[in-house]
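Novice: Listed here are the chains, written in short residue letters.
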Amino acid sequence: MRRLYWVILFNTLILSAAFAVNPYQLRPAGMKPVCDKSYLEIQNLPPLRDQGVYGFCYAHSTLMLLEHLRCSQSSYPSSCYKNAGSVLHLARFNTNKGQRIVAGGFPGNVLEHFRYNGRDLATESCAPYEKWRDLAKTSPPSDASGEHDYFYSMWNKLRENSSYDNKLCLANELKDAGFNQNIQELMSVIDKVNEISWKELRYKILVPETCLDQSIKYPDYDILPYPQRGTDKKDFKGLRDQIYRSLSQGHPLEASFCAETDSNGNCGYHSATIVGQRHVCDLSECRLQFRIQNSYGESWQRHNDNGWVDGENLTKLMADSGMGVTTILPKGESLNQNLTAPFYTNSPVGPGTSRSQHSSGESCWSVNTSAIENYQEPIPSSVPKFDNSSLKKPEEEETKKTVLYICKKDGQTLFTDSPTPDMDCRER
Amino acid sequence: MKFFSSFLLFILMSSSLWGVSQTKTLKTNEGELPLILKNKLWVSPHCQKGECQALKTPAKTSSKTHKSTYLTQPAASFCESSGGSYLTGKYSSGNEDGICRFKDQSYILAWDYYYKFKDQRP
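Top line first, the protein sequences correspond to chains U and E. Mapping the first sequence onto this note's numbering, position 142 (from 1) lands on 142, and the numbers just tick up by one. Mapping the second sequence onto this note's numbering, position 122 (from 1) lands on 122, and the numbers just tick up by one.
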């Protein structure tokens, strides 16, 4: 019986490992992007941020949408981005109850409450994210009990001893920790310790009221979540279409998904921003890719093909976990519902397909883009089929005929018309 | 032909020299931290010459772990659970990045450290 238990447990582990979906799957070796109309990449993006060991992905991705809305249409986006809004202040809008910041939240809530409360945000330079790290670093992320949190211990000390000297001592301690407020401002917050919770105390010190005097006003917007509440959660095609529509109109999307599953099957949720989409193909097949702008710093992007990850895996993780995408549009603008995402079921790339260079500098297959416009009919699996009938067949090529070889070198598959002796090749 | 070969040699030599001396700076609230490229890893300058902790395989994990239903940044968590301390900063481009710093004050870009050692740590 015990043996049976171990066999079942082992098989379950093997199966769960086999079916674990990697949200950041990179393109297979040998696959190249296709330069067609479905290659969309949003330009003039805000700089990359790093959330560190704290669960503020939701605030970073939301801020990215808001900053893009505010600055992308300005004459000088890069200088507009220099005066960014505060992530910590934005995190406060995760809830409408009281003024507090917590690690872990929902981008949809933040966007809704931020709009409802007037769309004013303190600047990052006035309420910097690093102050959370500086004072909560003994126990990241600060948990619900507050144990080990600097502000929790400060709040307790003040409630035990509310003498003027003790208050002044703690105000000086904060000043030494690099807070911009003067002693009087800090004392005015500390004086309220008997009226507010420790989380409110933390918020009032990290985001001082004086910061709101020089806040940034964000333009008004409409929020478009997909899927809508109460609709089919596993709508893969709907998700793909929504992403394509939003990117086509130049709007990035926030994406929430199950990024990691522990041995008990519990999900670790993450939120990032989708800023591009394309297809990568070899001669036999294609994969959809999304470009992610993550809150993991610049070198994460460098290690992950500049953020280009497998779009099908990511869509699956969004749909399976009941999550999805959220985009914001300038007030009054709507998405073109007639647009559907092109999706290759057969590779449009053949022997003799020429290469060009995308505006991003990436080398890509040059494909006849009118094929996308011709496509309308869905194939039986309800996945749109890319119509490549208008593409020239190899024998029709006007260019010089070449023999293409499929070669293996150092474990990688390559396509070339001029194989070298160190390659193991066969003619295609 | 001779001119062309000399030109090619010059390009090759200068590009290899350029590769060795590639540097960048991360501005943190503890000052500007220079980084040099060594064997495809961005590390503190003193890792260029001798041994440094930033380039050693982590021997054991620290008790510092972060368990919650929301995710922290994996490289930052890996750094802290390997005995390092995580510090973020900005490049001149405005992009942020994080380094993992060790007791001997050597440091390495946290994602370089993560991808180099995550499968090697016991």
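It is possible that some hints are incorrect.
Derived contacts from chain E toward chain U, CB cut-off under 7 Å, selection only [as the list claims (entries may be wrong)]:
| hint | residue |
| --- | --- |
| 1 | Asn29 |
| 2 | Gly31 |
| 3 | Cys52 |
| 4 | Thr72 |
| 5 | Gln73 |
| 6 | Ala76 |
| 7 | Tyr86 |
| 8 | Thr88 |
| 9 | Gly94 |
| 10 | Glu96 |
| 11 | Asp104 |
| 12 | Gln105 |
| 13 | Leu109 |
| 14 | Phe117 |
So the derived label-pair ranges between C-beta atoms look like this [said to hold, decoys possible]:
| hint | chain 1 | residue 1 | chain 2 | residue 2 | range |
| --- | --- | --- | --- | --- | --- |
| 15 | U | Gln337 | E | Gln120 | 48 to 58 Å |
| 16 | E | Thr57 | U | Thr340 | 44 to 54 Å |
| 17 | E | Ser93 | U | Gln357 | 14 to 24 Å |
| 18 | U | Phe236 | E | Ser93 | 45 to 55 Å |
| 19 | U | Ser321 | E | Lys49 | 45 to 55 Å |
Going by beta-carbon spacing under 8 Å, a handful of chain E positions derived as facing chain U [said to hold, decoys possible]:
| hint | residue |
| --- | --- |
| 20 | Leu37 |
| 21 | Asn95 |
| 22 | Asp97 |
| 23 | Gly98 |
None of these hints come from the bench; they were simulated from the model. Even for Gly, the Cβ is constructed at its ideal location relative to N, Cα and C.
Novice: Taking the hints in turn, state whether each one holds.
Specialist: Hint check results:
1. Asn29: holds (6 Å)
2. Gly31: Violated - the Cβ of Gly31(E) stays beyond 7 Å from chain U, reaching only about 14 Å at its closest.
3. Cys52: violated (19 Å)
4. Thr72: holds (5 Å)
5. Gln73: Holds, about 5 Å.
6. Ala76: holds (4 Å)
7. Tyr86: holds (6 Å)
8. Thr88: Holds - the Cβ of Thr88(E) comes within 7 Å of chain U, reaching about 5 Å at its closest.
9. Gly94: For Gly94(E), the interface hint holds, since the closest Cβ of chain U sits about 4 Å away, which is under 7 Å.
10. Glu96: It holds, given that the least Cβ distance between Glu96(E) and chain U is near 4 Å, below 7 Å.
11. Asp104: Hint on Asp104(E): violated, closest Cβ of chain U at ~20 Å, above 7 Å.
12. Gln105: violated (18 Å)
13. Leu109: It holds, given that the least Cβ distance between Leu109(E) and chain U is near 5 Å, below 7 Å.
14. Phe117: Violated - the Cβ of Phe117(E) stays beyond 7 Å from chain U, reaching only about 13 Å at its closest.
15. Gln337(U) - Gln120(E): 48 to 58 Å: About 50 Å separates the Cβ atoms of Gln337(U) and Gln120(E), which means 48 to 58 Å holds.
16. Thr57(E) - Thr340(U): 44 to 54 Å: holds (50 Å)
17. Ser93(E) - Gln357(U): 14 to 24 Å: Cβ of Ser93(E) to Cβ of Gln357(U): about 23 Å, so the range 14 to 24 Å holds.
18. Phe236(U) - Ser93(E): 45 to 55 Å: violated (36 Å)
19. Ser321(U) - Lys49(E): 45 to 55 Å: holds (48 Å)
20. Leu37: Result: violated, 12 Å to nearest chain U Cβ.
21. Asn95: holds (4 Å)
22. Asp97: holds (4 Å)
23. Gly98: Since the shortest Cβ distance to chain U is 5 Å, the answer is holds.
The structure shown violates the earlier hints numbered 2, 3, 11, 12, 14, 18, 20.
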